[in-house]
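Asks: Protein chains in written order, with my numbering: chain S, 104 to 528; chain B, 104 to 528.
By construction, these hints were calculated from the structure, which means they are not laboratory data. Beta carbons are placed, not taken as given, at the ideal position from N, Cα and C, and that holds for glycine. Check each hint, because a few of them may be wrong.
As the list claims (entries may be wrong) - Each pair of labels, with its calculated beta carbon distance range:
id, chain 1, residue 1, chain 2, residue 2, range
1, B, 154, S, 369, 56 to 62 Å
2, S, 353, B, 302, 50 to 56 Å
3, S, 428, B, 219, 27 to 33 Å
4, B, 398, S, 306, 36 to 42 Å
Claimed, not checked - Some but not every residue of chain S turned toward chain B, in silico, with C-beta under 10 Å:
id, residue
5, 198
6, 210
7, 476
Here is what each chain is made of, one letter per residue.
There are 2 protein chains.
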Amino acid sequence: MSKTDNASKSASEQTLLDQAKEVKDAARHLALASTAQKNEALELCASLLIDRTDAVLAANQKDIERARESGTSTTVIDRLMLNKARIDSMAKGLRDVAALADPVGEIAEGWVRPNGLQIRKVRVPLGVIGIIYENRPNVTSDAAALCLKSGNSAFLRGSSGAIDSNLEISSILSEGLKKAGLPSAAVTLVRDTSRESATEFMKLRGYIDCLIPRGGPSLVAAIVENATVPYVIDGDGNCHIYVDETADLDMAVEIIANAKVQRPSVCNAVETVLLHETVIGDLLPRLEERMPTVEFRADQASRRFLERSVLATEEDYAREFLDLILAVKTVTGLDEAINHIRRFGSGHSEAIVTNDYSASKRFVAEVDAAAVLVNASTRFVDGGEVGFGAEIGISTQKLHARGPMGLRELTTEKFVIEGNGQVRA
Amino acid sequence: MSKTDNASKSASEQTLLDQAKEVKDAARHLALASTAQKNEALELCASLLIDRTDAVLAANQKDIERARESGTSTTVIDRLMLNKARIDSMAKGLRDVAALADPVGEIAEGWVRPNGLQIRKVRVPLGVIGIIYENRPNVTSDAAALCLKSGNSAFLRGSSGAIDSNLEISSILSEGLKKAGLPSAAVTLVRDTSRESATEFMKLRGYIDCLIPRGGPSLVAAIVENATVPYVIDGDGNCHIYVDETADLDMAVEIIANAKVQRPSVCNAVETVLLHETVIGDLLPRLEERMPTVEFRADQASRRFLERSVLATEEDYAREFLDLILAVKTVTGLDEAINHIRRFGSGHSEAIVTNDYSASKRFVAEVDAAAVLVNASTRFVDGGEVGFGAEIGISTQKLHARGPMGLRELTTEKFVIEGNGQVRA
Numbered sequence: 104m105s106k107t108d109n110a111s112k113s114a115s116e117q118t119l120l121d122q123a124k125e126v127k128d129a130a131r132h133l134a135l136a137s138t139a140q141k142n143e144a145l146e147l148c149a150s151l152l153i154d155r156t157d158a159v160l161a162a163n164q165k166d167i168e169r170a171r172e173s174g175t176s177t178t179v180i181d182r183l184m185l186n187k188a189r190i191d192s193m194a195k196g197l198r199d200v201a202a203l204a205d206p207v208g209e210i211a212e213g214w215v216r217p218n219g220l221q222i223r224k225v226r227v228p229l230g231v232i233g234i235i236y237e238n239r240p241n242v243t244s245d246a247a248a249l250c251l252k253s254g255n256s257a258f259l260r261g262s263s264g265a266i267d268s269n270l271e272i273s274s275i276l277s278e279g280l281k282k283a284g285l286p287s288a289a290v291t292l293v294r295d296t297s298r299e300s301a302t303e304f305m306k307l308r309g310y311i312d313c314l315i316p317r318g319g320p321s322l323v324a325a326i327v328e329n330a331t332v333p334y335v336i337d338g339d340g341n342c343h344i345y346v347d348e349t350a351d352l353d354m355a356v357e358i359i360a361n362a363k364v365q366r367p368s369v370c371n372a373v374e375t376v377l378l379h380e381t382v383i384g385d386l387l388p389r390l391e392e393r394m395p396t397v398e399f400r401a402d403q404a405s406r407r408f409l410e411r412s413v414l415a416t417e418e419d420y421a422r423e424f425l426d427l428i429l430a431v432k433t434v435t436g437l438d439e440a441i442n443h444i445r446r447f448g449s450g451h452s453e454a455i456v457t458n459d460y461s462a463s464k465r466f467v468a469e470v471d472a473a474a475v476l477v478n479a480s481t482r483f484v485d486g487g488e489v490g491f492g493a494e495i496g497i498s499t500q501k502l503h504a505r506g507p508m509g510l511r512e513l514t515t516e517k518f519v520i521e522g523n524g525q526v527r528a
Numbered sequence: 104m105s106k107t108d109n110a111s112k113s114a115s116e117q118t119l120l121d122q123a124k125e126v127k128d129a130a131r132h133l134a135l136a137s138t139a140q141k142n143e144a145l146e147l148c149a150s151l152l153i154d155r156t157d158a159v160l161a162a163n164q165k166d167i168e169r170a171r172e173s174g175t176s177t178t179v180i181d182r183l184m185l186n187k188a189r190i191d192s193m194a195k196g197l198r199d200v201a202a203l204a205d206p207v208g209e210i211a212e213g214w215v216r217p218n219g220l221q222i223r224k225v226r227v228p229l230g231v232i233g234i235i236y237e238n239r240p241n242v243t244s245d246a247a248a249l250c251l252k253s254g255n256s257a258f259l260r261g262s263s264g265a266i267d268s269n270l271e272i273s274s275i276l277s278e279g280l281k282k283a284g285l286p287s288a289a290v291t292l293v294r295d296t297s298r299e300s301a302t303e304f305m306k307l308r309g310y311i312d313c314l315i316p317r318g319g320p321s322l323v324a325a326i327v328e329n330a331t332v333p334y335v336i337d338g339d340g341n342c343h344i345y346v347d348e349t350a351d352l353d354m355a356v357e358i359i360a361n362a363k364v365q366r367p368s369v370c371n372a373v374e375t376v377l378l379h380e381t382v383i384g385d386l387l388p389r390l391e392e393r394m395p396t397v398e399f400r401a402d403q404a405s406r407r408f409l410e411r412s413v414l415a416t417e418e419d420y421a422r423e424f425l426d427l428i429l430a431v432k433t434v435t436g437l438d439e440a441i442n443h444i445r446r447f448g449s450g451h452s453e454a455i456v457t458n459d460y461s462a463s464k465r466f467v468a469e470v471d472a473a474a475v476l477v478n479a480s481t482r483f484v485d486g487g488e489v490g491f492g493a494e495i496g497i498s499t500q501k502l503h504a505r506g507p508m509g510l511r512e513l514t515t516e517k518f519v520i521e522g523n524g525q526v527r528a
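Put together the whole structure using the sequences plus the hints.
Replies: This is how it looks when you write it as structure tokens:
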């Protein structure tokens with residue numbers, strides 16, 4: 104029995120609250136770790152993960168077998184399944200995060216008051232980041248890496264379906280931390296994956312400084328209803344592209360095709376195109392030709408220019424298809440497009456294709472979303488694509504972080520005020 | 104019957120949800136208002152408030168009479184009471200906010216990606232700010248001013264005790280907005296001040312973008328338990344000052360006296376001093392002499408050097424006195440001081456008085472609070488004192504805003520991504 108197994112055994116008797124206390128205590132130490140020490144830990148974790156590939160695959164096999172026995176769909180099993188290439192990619196992810204700049208200690212702002220007080224706002228770790236996620240075991244190391252680099256403990260609550268893989272991966276990460284002289288509990292996996300424990304997890308106020316759910320609408324609804332810990336919502340993307348009458352139609356075709364088919368299952372894919380009534384005749388046949396695998400759900404006016412389409416319903420405009428389906432709506436102008444987005448948008452990513460200066464300015468100002476784009480694909484709204492190197496999610500809320508979240512969004516600020524005896528008059 | 108009275112009448116039949124819809128719609132318009140227009144509105148509101156002094160005082164008189172009839176304490180009545188000077192001060196507050204820089208449109212960051220995409224993070228209003236507050240009618244105009252200047256609607260939920268004053272003040276502000284060509288509903292006072300409506304208010308998800316409670320621990324607890332809207336907690340301040348063995352004791356005496364007696368009823372006043380065992384003999388008699396009106400609750404070791412003191416209990420260290428009471432604890436060094444703060448601190452403001460470089464660095468790094476101070480009074484942790492011009496509160500949470508909150512903390516950021524046809528590879 105390896106050292107890791109022993110650690111897991113003794114840990115198996117812990118309650119969720121016991122685990123919460125350990126992970127919080129670890130956060131205190133991690134917050135003071137140097138960048139070099141955190142990077143060393145990430146490198147050690149990456150090496151260990153490669154060394155232990157067989158053990159991870161064996162654990163993963165248990166999860167796969169349970170899933171097969173219970174008749175789980177092949178799509179879900181594919182998400183769950185690890186292989187050598189996927190483990191290599193997880194290890195590379197750890198090393199990539201080690202190479203990113205450390206946000207901790209950054210001075211966001213600083214100034215001197217007339218009385219000589221020196222004021223700085225300094226970035227510090229949040230403390231404990233809670234992550235609730237579904238059947239993807241790679242999230243265990245991906246999320247942990249971002250938490251560690253930003254000086255936070257990672258408190259991970261994966262699914263019961265991936266519990267064996269997650270336990271193996273998290274114990275490897277804990278070992279890497281220990282080897283680097285950091286507390287092993289800085290990566291802690293919740294062992295109790297019951298439904299009740301998820302609710303208990305959301306109520307660990309005082310132990311979890313920021314909860315980030317990685318899941319669908321029902322998880323988000325449960326958090327809004329039950330959580331007493333602070334959270335950041337990584338919500339749906341019902342994204343639109345509005346093609347203005349002045350748009351370069353070649354550009355519009357390529358942007359829409361990219362936003363729809365390059366990866367239809369993700370939140371920043373486009374779901375509805377809003378087309379100025381003057382462009383539908385030229386544009387729609389080209390869109391249909393450019394995207395032969397896409398189903399068009401269109402309004403009456405635009406269906407005249409489509410060979411294969413079904414009539415769009417209100418529900419189609421409200422839905423995030425996450426599939427090769429595109430809703431189409433003809434509009435009379437910018438106002439109607441903005442009103443449609445106001446009604447159906449989820450506040451994620453909204454784009455306009457135009458060559459009209461005023462229209463671009465109005466769209467950017469009046470559309471209320473985490474990201475607004477002019478003449479670019481919605482698929483760029485992503486931590487990697489905007490230049491953060493990695494992302495922990497895309498926030499669709501307005502407080503704390505909005506849009507792609509990188510390492511900096513896993514920090515908070517502390518006022519540091521230095522004087523030489525100042526008192527208030 | 105004045106125009107204002109008419110507006111109030113028709114408004115009195117509205118439900119809370121009706122009001123929420125109006126205030127949200129107003130926010131959309133206000134978000135696009137120019138700085139000049141918002142400043143004009145604030146100036147008009149200030150002038151109207153002065154012109155209508157008699158009407159405000161008459162309304163306030165109704166609140167005062169009800170309070171007297173129900174046997175309300177004189178302290179509470181004093182908070183509720185308006186007079187000409189207080190109304191002048193509210194008007195001055197509106198003008199002071201007009202003079203502050205507008206955070207809306209500020210580019211927090213901007214960069215260009217290798218593919219030519221131009222990315223900016225632009226500050227935009229949050230939308231609707233909800234404020235729940237107690238018996239001080241001046242909050243109605245103070246909070247509204249900060250919301251308006253930052254482009255947000257103010258959705259105000261004051262107490263039933265101040266309802267007549269609040270209705271009069273808010274209708275004056277609405278009239279000022281209208282005169283400036285802005286929607287009058289951008290300042291909306293909740294008319295139903297029942298307990299149930301407070302809970303309903305906290306659950307107006309989709310209508311309130313940020314809720315800021317201005318009240319005691321029971322209000323905060325109710326929000327943590329019930330709110331489904333995003334909120335920022337303006338929490339307790341159980342603040343400490345640690346006097347290190349290297350401290351300049353003259354400085355320590357002045358800082359402690361300032362932090363305790365300059366205004367004992369506020370959250371950034373000091374509640375407990377932690378004194379290095381080597382300084383208690385010199386320091387305590389001087390503290391006692393410097394603060395003759397303060398009651399000392401001290402541990403055994405320090406009581407030897409105090410003429411008048413009571414023995415401190417654990418509860419004394421946990422309490423925010425908000426009064427002329429000071430808890431005293433002798434410590435053997437920095438570690439014990441930091442551990443005491445970790446156990447009892449509320450994450451508000453913590454100070455060290457020292458001349459030791461390493462001790463100052465460790466204190467700043469290891470104490471987890473919104474603000475840490477070296478050789479300065481905790482009373483400086485305040486929006487005005489740090490240079491924000493005004494404050495809407497002091498956040499003791501870590502997400503979104505931490506420490507004093509000015510206009511910028513009432514905004515969120517929007518990613519604006521401009522390209523010329525970029526698609527993702």
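Asks: Check the structure against each numbered hint from earlier and tell me which ones fail, lowest number first.
Replies: 5 and 6
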